[in-house]
Amino acid sequence: MYAVGNPDAYSDVIVTANYKYSFDAVRSELKGLNLWILVLDTKGINVWCAAGKGTFGTDQLVKQINIERLKQVVNHKRVIVPQLGAVGVSGYKVSKATGFKVHFGPVQAKDISKFIETGYKAGPEMRTIHFTLGDRLVLTPMEINPAMRKFPLFALIVLLICGLQPQGILFKDALRGGLPFLAMGLAAIMSGAFLTPVLLPFIPFRSFAVKGWIVGMATTLLVVRTTAILDDANAPLFALTYIFFPLFSSYWALQFTGSTTYTSMTGVSKEMKIAIPVYIGSLVVSVILAILYKMNQWGVL
Amino acid sequence: MKYLLDVSTLKLISERCKGCGTCVEVCPHEVLAMDNKKASIIDRDKCMECGACMNNCSFGALQVNKGVGCAAAIINSMIYGGEPSCDCSGDSKSTNCC
Numbered sequence: 001m002y003a004v005g006n007p008d009a010y011s012d013v014i015v016t017a018n019y020k021y022s023f024d025a026v027r028s029e030l031k032g033l034n035l036w037i038l039v040l041d042t043k044g045i046n047v048w049c050a051a052g053k054g055t056f057g058t059d060q061l062v063k064q065i066n067i068e069r070l071k072q073v074v075n076h077k078r079v080i081v082p083q084l085g086a087v088g089v090s091g092y093k094v095s096k097a098t099g100f101k102v103h104f105g106p107v108q109a110k111d112i113s114k115f116i117e118t119g120y121k122a123g124p125e126m127r128t129i130h131f132t133l134g135d136r137l138v139l140t141p142m143e144i145n146p147a148m149r150k151f152p153l154f155a156l157i158v159l160l161i162c163g164l165q166p167q168g169i170l171f172k173d174a175l176r177g178g179l180p181f182l183a184m185g186l187a188a189i190m191s192g193a194f195l196t197p198v199l200l201p202f203i204p205f206r207s208f209a210v211k212g213w214i215v216g217m218a219t220t221l222l223v224v225r226t227t228a229i230l231d232d233a234n235a236p237l238f239a240l241t242y243i244f245f246p247l248f249s250s251y252w253a254l255q256f257t258g259s260t261t262y263t264s265m266t267g268v269s270k271e272m273k274i275a276i277p278v279y280i281g282s283l284v285v286s287v288i289l290a291i292l293y294k295m296n297q298w299g300v301l
Numbered sequence: 001m002k003y004l005l006d007v008s009t010l011k012l013i014s015e016r017c018k019g020c021g022t023c024v025e026v027c028p029h030e031v032l033a034m035d036n037k038k039a040s041i042i043d044r045d046k047c048m049e050c051g052a053c054m055n056n057c058s059f060g061a062l063q064v065n066k067g068v069g070c071a072a073a074i075i076n077s078m079i080y081g082g083e084p085s086c087d088c089s090g091d092s093k094s095t096n097c098c
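Those protein sequence lines, which keep their order, are chains A and B.
In terms of this note's numbering, the first sequence has 295 at position 295, counting the first letter as 1, and numbering is strictly consecutive.
In terms of this note's numbering, the second sequence has 21 at position 21, counting the first letter as 1, and numbering is strictly consecutive.
Hints in this document: simulated from the structure, not taken from any laboratory.
It is possible that some hints are incorrect.
[Unchecked claim] Result set (DSS-like, lysine-lysine): computed pairs, CA atoms no more than 27 angstroms apart in a straight line: (1) Lys93(A) with Lys18(B); (2) Lys37(B) with Lys96(A); (3) Lys43(A) with Lys93(A); (4) Lys53(A) with Lys2(B); (5) Lys93(A) with Lys11(B); (6) Lys11(B) with Lys121(A); (7) Lys273(A) with Lys2(B); (8) Lys37(B) with Lys121(A); (9) Lys93(A) with Lys2(B); (10) Lys66(B) with Lys93(A); (11) Lys71(A) with Lys31(A); (12) Lys63(A) with Lys2(B); (13) Lys96(A) with Lys2(B); (14) Lys121(A) with Lys18(B).
[Said to hold, decoys possible] Each pair of labels, with its calculated beta carbon distance range: (15) Leu283(A) with Asn76(B): 17 to 25 angstroms; (16) Asp6(B) with Thr132(A): 44 to 52 angstroms; (17) Thr227(A) with Gly21(B): 58 to 66 angstroms; (18) Arg149(A) with Arg16(B): 43 to 51 angstroms; (19) Phe59(B) with Val198(A): 37 to 45 angstroms; (20) Tyr2(A) with Lys11(B): 35 to 43 angstroms; (21) Thr9(B) with Tyr242(A): 55 to 63 angstroms.
[What the hints assert, rightly or not] From the structure, some residues in chain B lie toward chain A, with a derived Cβ separation under 10 angstroms: (22) Lys2; (23) Val24; (24) Asn36; (25) Cys53; (26) Gln63; (27) Asn65; (28) Lys66; (29) Val68; (30) Ala72; (31) Ala73; (32) Ser85.
For glycine and all other residues, C-beta sits at the position ideal for the given N, C-alpha and C.
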């Protein structure tokens with residue numbers, strides 16, 4: 001337990017996680033107030049995620065209230081738990097076990113002082129979570145980084161396909177033929193993992209897989225129209241480009257569901273029931289098209 | 001922003017509701033509201049199935065198939081079994097992930 005200002009037996013108790021940003025936000029937003037901060041050990045995870053995982057929960061709060069002997073520290077029976085902790089903390093169970101009544105506070109630490117002033121009432125504006133452009137923007141590295149970790153494998157496959165000739169693997173062909181498609185792959189990743197999240201509310205349809213496909217298709221068209229990438233392409237390569245890259249973008253867009261504040265498990269499962277078979281099917285088709293493309297290029301077909 | 005329509009598994013058993021209003025307080029998306037001293041679902045399509053209302057209803061009036069709306073979590077649970085959870089960060093270097 002930590003003290004902010006000079007708290008006494010009448011001061012309120014704020015519960016938070018030992019996630020650095022939560023703790024720092026709470027501490028800096030509470031400047032000028034006198035409060036106790038009760039920290040639950042969530043192993044560095046934020047309140048929402050820890051509540052989902054079970055490290056910010058009823059049992060942990062009850063345990064911490066007992067360990068810190070809160071009954072002897074304060075002479076009231078209130079603890080303020082951030083609203084997003086309600087997924088893990090069951091107010092009535094905490095009350096039954098400790099006698100302390102849980103008041104679910106605002107989502108954001110900046111509203112805490114207003115919440116206390118208004119008699120522990122959080123209006124809808126304090127309770128609702130939003131998902132602004134800024135929120136989405138800061139989350140995109142969470143999508144781009146894992147995607148880029150897979151990029152070397154993608155690059156290797158593309159270069160192998162382009163470099164593979166009857167004489168062996170030709171480095172010159174790999175580079176000349178492959179580089180434009182590496183750029184295309186990069187464009188598809190950025191479409192799904194950056195453009196789709198940022199433009200989210202403005203892209204038609206609710207499904208993330210569909211949104212990602214639309215943006216991926218748009219960038220694919222844009223690249224094809226503005227560069228010479230498909231100028232010498234045969235039919236299989238043409239089809240491969242339009243089948244693979246928009247769906248590659250769609251896949252990364254679907255991954256962004258994990259970063260949002262409004263998708264549900266039932267909804268994502270429903271999307272995936274259609275999307276995953278489509279991804280696998282198109283991957284198979286893409287492999288066949290790649291083989292046809294090479295056979296055609298070598299004059300076998 | 002709204003996600004897919006008609007998918008949420010949220011159920012309110014009105015006969016059990018005693019009108020305490022806790023569910024309205026803990027819902028992060030204004031899915032529930034008080035109507036004539038009882039809770040009512042005013043916008044089910046905003047529900048993200050977080051389970052906060054169910055967890056805080058001492059009368060068992062709310063039921064939801066609680067879980068995370070995360071594709072990676074669902075893929076992991078399909079491959080490795082178990083409930084989909086926010087565990088993609090594991091114990092490794094990255095703790096940013098939910």
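(request) With a cut-off of 10 angstroms on the beta carbons, see whether asparagine 36(B) makes it to chain A. (result) Violated - the Cβ of asparagine 36(B) stays beyond 10 angstroms from chain A, reaching only about 19 angstroms at its closest.
(request) Would you mind confirming whether the straight-line C-alpha gap from lysine 53(A) to lysine 2(B) stays at or under 27 angstroms? (result) Distance of about 24 angstroms is within 27 angstroms: holds.
(request) Identify whether the interface hint at alanine 72(B) stands, where standing means a beta carbon of chain A within less than 10 angstroms of its own. (result) Holds, because the Cβ-Cβ distance from alanine 72(B) to chain A comes to roughly 5 angstroms (cut-off 10 angstroms).
(message) For the restraint on serine 85(B), tell me whether the closest CB of chain A is nearer than 10 angstroms.
(response) With a closest approach of 6 angstroms, the serine 85(B) hint holds.
(message) Hint validation: valine 68(B) versus chain A, beta carbon distance must be below 10 angstroms. Holds or violated?
(response) holds, 6 angstroms
(request) Please work out if lysine 11(B) and lysine 121(A) have their alpha carbons no farther apart than 27 angstroms. (result) holds, 26 angstroms
(request) Have a go at the glutamine 63(B) hint: is there a Cβ in chain A nearer than 10 angstroms to its own Cβ? (result) violated, 13 angstroms
(request) Given the hint that lysine 93(A) pairs with lysine 18(B), test it: the Cα-Cα distance must not exceed 27 angstroms. (result) holds, 17 angstroms
(request) For the pair we were handed, lysine 121(A) and lysine 18(B), check the Cα-Cα distance against 27 angstroms. (result) Distance ~20 angstroms between lysine 121(A) and lysine 18(B) Cα, so the pair holds.
(request) Below or equal to 27 angstroms on CA atoms is what counts here, so check lysine 37(B) against lysine 121(A). (result) holds, 18 angstroms
(message) Using the nearest Cβ pair, does lysine 2(B) come within less than 10 angstroms of chain A?
(response) holds, 7 angstroms
(request) Could you check the hint for me, namely that threonine 9(B) and tyrosine 242(A) are 55 to 63 angstroms apart, CB to CB? (result) Since the Cβ atoms of threonine 9(B) and tyrosine 242(A) sit about 37 angstroms apart, the hinted range of 55 to 63 angstroms is violated.
Consistency note: the structure conflicts with the earlier hints numbered 9, 12, 13, 16, 21, 24 and 26.
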